[in-house]
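*Asks:* Produce the complete structure using the sequences and hints provided.
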Amino acid sequence: MDNITSNSAQVVLAVIPIVGIVIGGVIIFFYLLWHHHEIKLQIKSGTYNPTKFDLKTFSLLVGLLLSGTGTILTLFFALMAGLGYALLGGLIPLILGLCMLVFYKVNPDFKN
7 MDNITSNSAQ
17 VVLAVIPIVG
27 IVIGGVIIFF
37 YLLWHHHEIK
47 LQIKSGTYNP
57 TKFDLKTFSL
67 LVGLLLSGTG
77 TILTLFFALM
87 AGLGYALLGG
97 LIPLILGLCM
107 LVFYKVNPDF
117 KN
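Here our numbering = 1-based position in the sequence shown + 6.
Honestly, the hints are just simulated from the structure, not real lab data.
Only a predicted model underlies this, so the values are computations on that prediction, with no experimental measurement involved.
A few of these clues could be false.
Simulated restraints, written as ranges between beta carbons of each label pair [claimed, not checked]: (1) L97 with K50: 16 to 26 Å; (2) L102 with T11: 55 to 65 Å; (3) I34 with T75: 17 to 27 Å.
Straight-line Cα separation of at most 20 Å, EDC-like style, residue types lysine to aspartate or glutamate; simulated pairs [stated by the list, open to error]: (4) K58 with E44; (5) K62 with D115; (6) K111 with D60; (7) K58 with D115.
Every residue gets a Cβ at the ideal spot worked out from N, C-alpha and C, and that includes glycine.
*Replies:* Structure representation (structure tokens):
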């Protein structure tokens, strides 16, 4: 008895991430659509006030979040699976987070 779960359970487990990605994509699409319409109406009514995107705070926040998540995932996968391809699930966000933190430190526009 190598097969612990039934075939129908395996199909359901395979479909759950796909459904989550599709629903997430639909939510993001409608958010962008409604935001676009909101901006158009604000421009027509003359109340549009463009705000500047704060890249400095964003890069610091994303760098810290990705580094923390990547560190925990790397430790988890290293302890559970050892050295292997599973370790990439933690190393990729860790490296991306560290790169964002390096960008935060070396960008000459952030010297305020």
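*Asks:* Give a verdict on every hint.
*Replies:* To see whether the hints hold, each was checked on the structure:
1. L97 with K50: 16 to 26 Å: violated, 48 Å
2. L102 with T11: 55 to 65 Å: violated, 34 Å
3. I34 with T75: 17 to 27 Å: 20 Å Cβ-Cβ, so the 17 to 27 Å window holds.
4. K58 with E44: holds, 17 Å
5. K62 with D115: holds, 9 Å
6. K111 with D60: holds, 15 Å
7. K58 with D115: Roughly 14 Å separates the two Cα atoms, so the pair holds.
The earlier numbered hints that this structure contradicts are 1, 2.
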